[in-house]
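A.B. asks: Residues 1 to 141 (the numbering used here) are what the sequence shown spells out, left to right.
Treat the hints with care, since some could be wrong.
[Said to hold, decoys possible] Between beta-carbon pairs, the in silico distance windows are:
hint, residue 1, residue 2, range
1, ARG61, GLU93, 42 to 48 Å
2, ALA138, GLU56, 24 to 30 Å
3, PHE28, VAL116, 27 to 33 Å
4, VAL50, PRO127, 33 to 39 Å
Think of the hints as simulated: they come from the structure by calculation, not from any bench. Cβ coordinates follow ideal geometry from the N, Cα and C atoms, glycine included.
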Amino acid sequence: MTTPTRTGDAGRQRWLIVREAFSGITRFADFRAALGVAPDVLSDRLATLVQAGVLEKQPYREPGARVRFSYHLTPAGRELRVVLCALQQWGDEHVPHEAGPTIIRRTVDGNRPVRVAFVDDTGGEVPPDGVALIRTPAYPL
1 MTTPTRTGDA
11 GRQRWLIVRE
21 AFSGITRFAD
31 FRAALGVAPD
41 VLSDRLATLV
51 QAGVLEKQPY
61 REPGARVRFS
71 YHLTPAGREL
81 RVVLCALQQW
91 GDEHVPHEAG
101 PTIIRRTVDG
111 NRPVRVAFVD
121 DTGGEVPPDG
131 VALIRTPAYP
141 L
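Using the sequences and the hints, build the whole thing.
C.D. replies: Put into structure tokens, the structure is as follows:
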């Protein structure tokens, strides 16, 4: 099963959770409010992301309440920013939202536009049709 296949089905909900985590959401109730998903489904998706090493659980307690858990991006989860931005960039180009982009990418220090691209080992940009996808022995048959 290839990576795109593995990320299908419930993968969409997991990507949405990761997107919300990038926007600063960490608590179950806030994920639920942002995504409108059933609690049991959200629990399952969060557990999957924790097990995959994308999110980590951290305990917290509101005064007078029981211990609960918040969910934070791991270093591996933070590296998914480029993947999410590539998907969003593709969607803006090929399936644009009628109101325009939902997110724009800018540099933190200079507010310059940023786009996702292939970059070779010398730092040079490579056009998509200039990238060969070479199967390795690990490629599933």
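A.B. asks: Tell me the hint numbers this structure goes against, listed in increasing order.
C.D. replies: none
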